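What the sequence shown shows, in my numbering, is residues 40 to 484, in sequence order.
Worth flagging that the hints you see were computed from the coordinates, not collected in a lab.
Just so you know, these numbers come straight off a predicted model, no measurement behind them.
Take the hints with a grain of salt, since some may be wrong.
Only pairs whose alpha carbons sit at most 20 Å apart, straight line, appear in this in silico DMTMM-like list of lysine to aspartate or glutamate [claimed, not checked]:
(1) K281 <-> E325
(2) K281 <-> E260
(3) K281 <-> D303
(4) K443 <-> E458
(5) K281 <-> D226
With beta-carbon atoms standing in for the labels, derived distance ranges [claimed, not checked]:
(6) W433 <-> E151: 52 to 60 Å
(7) D110 <-> T200: 20 to 28 Å
(8) V65 <-> V474: 43 to 51 Å
(9) V131 <-> E151: 20 to 28 Å
Ideal Cβ placement from N, Cα and C applies to all residues, glycine included.
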Amino acid sequence: MVERNHTEVLQREVRAKVLAAELIVVDGPDAGRRLHLSEGLARIGTAPSNDLQLTDPTVSRLHADLRLAEDGILVRDAGSTNGTVIDGLQVVEATVGAGATIRVGNTTLRVEIGEEPVFIEVSQRDHFGDLVGTSIDMRRVFGILERVAPTEATVLLQGETGTGKDVAARAIHAASARADGPFVAVDCGAIAENLIESELFGHVRGAFSGAVSDRQGAVEEANGGTLFFDEIGELPLSLQPKLLRVLETRTVRRVGSNTARPVDVRVIAATNRHLPAEVNAGTFREDLYYRLAVVTVELPPLRARREDVIVIATHFYRRYRGPDAALPMSLVANLVSREWRGNVRELRNFIERSISMGTPSQPAPPVSEIPPALGPLEALVPSNLPLREARDWWVDQFEAAYVKAVLQRAGGNVTRAAELAGVNRRHFQRMMVRVGLRAPAGEED
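The task is simple: from the sequences and hints, build the whole structure.
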C-alpha cells in the first residue's frame with residue numbers, strides 16, 4: 040500500500056452556462072431528423088461533411104452555420120443560393136430562441152431549448168500568449184486554443200480585421216511542440232498573383248525570367264515548424280489545388296522542378312472572410328476549406344465583449360508604462376465611449392498614441408525635456424516602445440503614407456493603385472480602410 044504524505048489539490052473545472060439546444064426538421068424531405076448542438080460550430084447543408092446533412096435540392100452545400108450562445112443560437116447564412124429565413128424574415132445573421140423556425144430552401148427546422156442548461160469548459164486564465172480578455176467569449180476561445188495548441192491539428196482562425204488572428208497563431212505555435220522551430224507567415228493578399236506560387240513553393244534556376252538561382256519557398260522554410268497563411272481567402276483559385284496537394288501529401292514541388300520534397304509543417308490559416316460563403320460563390324475550393332477547418336476558432340470583435348476594453352487597455356498601458364501603472368481616469372472615459380471598429384489593433388494604437396502624445400491627465404513632455412535627436416531617422420524612432428510594438432507603429436505609419444501616395448499617383452483609381460503597389464485590389468482596399476480611407480464609388484467590392 041502506498042502512503043500519501045500530502046493532500047492533492049482538487050482541480051476545479053471552470054465552466055460557462057449555455058442553453059441546451061436542438062434543431063428538429065419539421066418540414067421537408069428530411070422531416071424528423073435532429074441536430075443536437077454542443078460546443079463549437081455546427082453546419083447544415085447538403086454536403087456530406089455538414090453536421091446536419093440535408094437532401095433537399097434547394098439547400099446549398101454549405102447553407103448556414105450555428106453556434107450556441109448564452110441567450111440562444113447564433114445563426115449565420117453561408118452565402119446560400121436561396122437564403123436563410125427565420126420566423127418569416129430573411130437574415131444574414133441572427134440569434135434565435137425556443138420555438139423559432141429556421142427555413143433553408145424547402146426545409147423547415149424548429150429550435151427546441153432544454154429545461155436544464157448545459158455547461159461548456161472555459162479557460163481559467165485571462166490570457167493565452169499575448170491575447171488578453173476576461174469575458175466568457177474570450178475564455179471560451181482560450182480554452183479551445185489551450186487544448187488544440189499541443190496537437191498537430193490544422194487550425195482556421197476567423198474574425199474581423201484587428202481581432203488578433205496573427206497574435207493567436209503565434210501563441211498556438213509558442214505553446215506547441217514546434218515552438219523551437221520556425222514560424223513562417225504568408226500574407227496571401229499582399230503578394231502579387233504572378234509571384235505567389237514562387238513565394239509559397241520556391242523555384243529552380245531558369246524556371247522563369249529572373250530565376251537566376253534555386254530558391255526555397257515559404258513551405259520549405261517552415262519545415263519543422265508552423266506555416267501561417269494570413270488572409271487565406273485571398274489565395275487565387277488557381278493556386279488552391281496546389282496548396283491542397285501540399286497539405287494532403289506533405290510534399291512540395293518547386294516551380295520548374297519535377298522532384299517533390301518532403302516537408303513537415305503544421306498549418307494555421309486565418310481569414311476575415313466567411314469562407315463557406317466563398318465556397319458557395321465558387322471562389323474558394325470546398326475540399327481545401329474542409330482541409331483547413333479541422334479546428335475552427337472565431338475571435339469575437341471587441342464590440343461583442345466590451346468588458347474586455349479596459350482589461351486590454353490596461354495590458355497595453357502597463358507594457359509601455361510599467362507593470363504597476365494605472366490607466367488615467369480621463370483615458371478610461373474615452374475608452375468606454377468608443378466603438379472600436381478596428382478592434383484590438385485600433386485600441387493598441389490608441390494607447391500608444393495617448394502615451395506618446397499625452398492624455399488630458401498625462402500631458403506630453405515639454406520640448407525642453409525631449410532628448411536631442413541623434414539624427415534624422417533616430418528622431419522618429421519610438422524608442423519608448425518594445426521592439427515589436429515599435430515595428431508595428433512604423434508599419435502603420437508607413438502604410439498610411441504609402442497608400443495615400445500611391446492613390447495620388449494613380450489619380451484616385453483604386454485598381455490602378457493596387458497594380459502600382461503590386462497587390463490585388465481587395466488587399467489594397469483593406470489597406471485603405473485601415474488608414475481611414477474608403478474606396479471611391481464604383482471601386483468597392
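Going down the list of hints, with the structure as the test:
For the given pair, K281 sits about 14 Å from E325 by alpha-carbon distance, which is consistent with the 20 Å threshold. At roughly 17 Å between alpha-carbon atoms, K281 and E260 fall within 20 Å of each other, so this suggested pair holds. In summary, the hint linking K281 to D303 is supported, as the alpha carbons are separated by about 17 Å, within the 20 Å threshold. For the suggested pair K443 and E458, the alpha carbons sit about 14 Å apart, so the restraint of at most 20 Å is met.
Using a Cα cut-off of 20 Å, the hinted pair K281 and D226 holds, with the two alpha carbons roughly 17 Å apart. A hinted range of 52 to 60 Å holds for the C-beta pair W433 and E151, which are about 54 Å apart. The given range of 20 to 28 Å is respected by D110 and T200, whose C-beta atoms sit roughly 26 Å from each other. Hint check: V65 to V474, Cβ distance near 50 Å, so the stated range 43 to 51 Å holds.
Separation of V131 from E151 is about 24 Å and conforms to the stated range, judged on CB atoms against 20 to 28 Å.
In summary, the structure agrees with every hint in the numbered list given earlier.
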